[in-house]
Every structure is written in C-alpha cells, then in structure tokens.
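What follows is the residue order along each chain.
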Amino acid sequence: MMASLDWKNIFLNDLDLTIAMEIGLRTVIMFALVLIFLRSTGKRG
Amino acid sequence: MRQLSIFEVAIIIALGTAAGDPMLSGESAILPSVLVFLVILLVYRIITFFAAKYQKIENILEGVPMYIVENGKFTMNEEGDANFAQDEFFAEMRVQGIEHIGQVRTALLETNGQVSFLFFEDEEVKPGLPIYPKLYAKKSKIIAKPGLYACTHCAEVSHLTQQQACSRCKKEEWVAAINDTRVK
Numbered sequence: 154m155m156a157s158l159d160w161k162n163i164f165l166n167d168l169d170l171t172i173a174m175e176i177g178l179r180t181v182i183m184f185a186l187v188l189i190f191l192r193s194t195g196k197r198g
Numbered sequence: 005m006r007q008l009s010i011f012e013v014a015i016i017i018a019l020g021t022a023a024g025d026p027m028l029s030g031e032s033a034i035l036p037s038v039l040v041f042l043v044i045l046l047v048y049r050i051i052t053f054f055a056a057k058y059q060k061i062e063n064i065l066e067g068v069p070m071y072i073v074e075n076g077k078f079t080m081n082e083e084g085d086a087n088f089a090q091d092e093f094f095a096e097m098r099v100q101g102i103e104h105i106g107q108v109r110t111a112l113l114e115t116n117g118q119v120s121f122l123f124f125e126d127e128e129v130k131p132g133l134p135i136y137p138k139l140y141a142k143k144s145k146i147i148a149k150p151g152l153y154a155c156t157h158c159a160e161v162s163h164l165t166q167q168q169a170c171s172r173c174k175k176e177e178w179v180a181a182i183n184d185t186r187v188k
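If you're matching them up, the sequences are chains Z and E in order. Mapping of the first sequence onto our numbering: residues 154 to 198, in sequence order. Mapping of the second sequence onto our numbering: residues 5 to 188, in sequence order.
In case anyone wonders, no lab produced these hints; they're calculated from the structure. On a predicted model such as this, the values are computed, not experimentally measured, just so you know. No residue lacks a Cβ here, since even glycine has one placed at the ideal position from N, Cα and C. Any given hint could be a false lead.
[What the hints assert, rightly or not] Some residues of chain E that are not near chain Z, with every Cβ distance over 10 Å (derived): (1) Tyr58; (2) Tyr71; (3) Gln90; (4) Asp91; (5) Lys130; (6) Ser144; (7) Leu152; (8) Cys158; (9) Lys174.
[What the hints assert, rightly or not] Across the chosen pairs, the derived CB separations fall in these ranges: (10) Z/Leu170 with E/Ile64: 30 to 40 Å; (11) E/Lys60 with Z/Asp167: 36 to 46 Å; (12) E/Ile64 with Z/Ala173: 40 to 50 Å; (13) E/Pro69 with Z/Asn162: 49 to 59 Å; (14) E/Lys175 with Z/Ile189: 52 to 62 Å; (15) Z/Ile189 with E/Lys149: 47 to 57 Å; (16) E/Glu128 with Z/Ile189: 38 to 48 Å; (17) Z/Asp167 with E/Val13: 24 to 34 Å.
The following block holds chain Z by itself, in its conformation from the complex (with noise of 0.2 Å):
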C-alpha cells in the first residue's frame, strides 16, 4: 500500500525553479492585496 504512494507527486509534483519563483511572487502580491483590503475595511484588531 505505501509503495504504491507516489512521493515526488505529493511533496513536489511538477515544482521547478520557474515555478518556485512564480509562486514567490504570487505569494507576495497576493499577501500585498490581502492586507491592502483588511486595511481598507477600517476594521480594527
């Protein structure tokens, strides 16, 4: 059962250099908008 588990899929699948650094700066405009909005709604805390 567990050899059948395919562990390159599960912990990097197709992840490469070009992706990693998509993925960085998704996560860093995505955040950046994340933050802008709750900022934007005037709520506290």
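Got chain Z sorted already, so can you dock chain E onto it with the hints?
Coordinates of chain E only, in the frame set by chain Z:
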C-alpha cells in the same frame, strides 16, 4: 517584536488555502505550500522590521489610536466615521462597569480594536449620557420636564426646558442625564 494585529488576520487567510490545498487535492504538492509559508514569513519579518523602525509605516499599516471620549463627551472629529458604531462602544463601556459617559475622562480606541478608559474621581464625575438600555431607550425629542439632558449623539449635557437642538452637534434627541458615581 510586537505583533501587528492586521497581519494575524492576513496570515490566517493566506496560509489557510496554502495549507489546505495539499491536504485535499492531488494536484497540489507540499513543497510549494512550504514555499508560500516561507515567503509570507519573510514578508512579515521585513514589514515588522520597517514598522518598528519607522513610525510612519506603522501608522499606515496599523492606523493610530483614536479618541472617542474626552472630558465626559464624545469627540466630534470622528464625525461620519462609519466604523465607529455607537452601540458597540456602549457595550464596551458597560463591560468596563461604566454607567454613564460623565464618569469617563478619556476613552481611546486602540489600533487593535480594544478601548482604553481613564475615569474621573468620584467628586469630578459630572452628569452624563446613560448607556444602559432601559434609560437610554427613553431618548426623545420631546422634553417633558425641565432638567439636565444629555445629547444622544455627542453626549453634550444641557439644561433644557423645551424641545431644542444640541448646541454642539445640532442633533435633537435627548436622554435625561444621570450623575451616579462608579461603585468599585
């Protein structure tokens, strides 16, 4: 380093899907999610570093504390701020054992949403707007008998004998002011 409160929410939102996707979906691998965690951690560290260094950046991110009550009255400069919900603030005051606004010297809305209070000494307490529902619900434009009334909008207290607008905020609804001191 001090936590920036708005980040807690942002991080929960951001990490929510990053952690959840590899749990559910065969398409999502784990390392990309780990990468997302690390990038968010890095961004968080960078921003908190600069927020600690430059007050201006912290003010933009966090906002600044806002005076709500000064000298037993609501401040007027926050007029029209939709985020300032009066009934929410009344609840906050009641939880702190406050019966009317005349007991409060200063109330400050902190950037994390908590409210800080400074109180008058018993002999300095002045007539003020009652905030417990039974009394507050008696608000009216009609002044039945002469006496001290508190404006329901700005908490200004005036001696009224007839229907009139508040001298401070021009609103017309009043509640009979009370003068109880705080029981500790």
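A quick look at each hint next to the structure:
no.: 1; hint: Tyr58; result: holds, 17 Å
no.: 2; hint: Tyr71; result: holds, 14 Å
no.: 3; hint: Gln90; result: holds, 16 Å
no.: 4; hint: Asp91; result: holds, 16 Å
no.: 5; hint: Lys130; result: holds, 29 Å
no.: 6; hint: Ser144; result: holds, 32 Å
no.: 7; hint: Leu152; result: holds, 34 Å
no.: 8; hint: Cys158; result: holds, 21 Å
no.: 9; hint: Lys174; result: holds, 25 Å
no.: 10; hint: Z/Leu170 with E/Ile64: 30 to 40 Å; result: holds, 34 Å
no.: 11; hint: E/Lys60 with Z/Asp167: 36 to 46 Å; result: holds, 43 Å
no.: 12; hint: E/Ile64 with Z/Ala173: 40 to 50 Å; result: violated, 31 Å
no.: 13; hint: E/Pro69 with Z/Asn162: 49 to 59 Å; result: holds, 51 Å
no.: 14; hint: E/Lys175 with Z/Ile189: 52 to 62 Å; result: violated, 35 Å
no.: 15; hint: Z/Ile189 with E/Lys149: 47 to 57 Å; result: holds, 54 Å
no.: 16; hint: E/Glu128 with Z/Ile189: 38 to 48 Å; result: holds, 44 Å
no.: 17; hint: Z/Asp167 with E/Val13: 24 to 34 Å; result: holds, 32 Å
Against the hints set out earlier in the document, violations occur for numbers 12 and 14.
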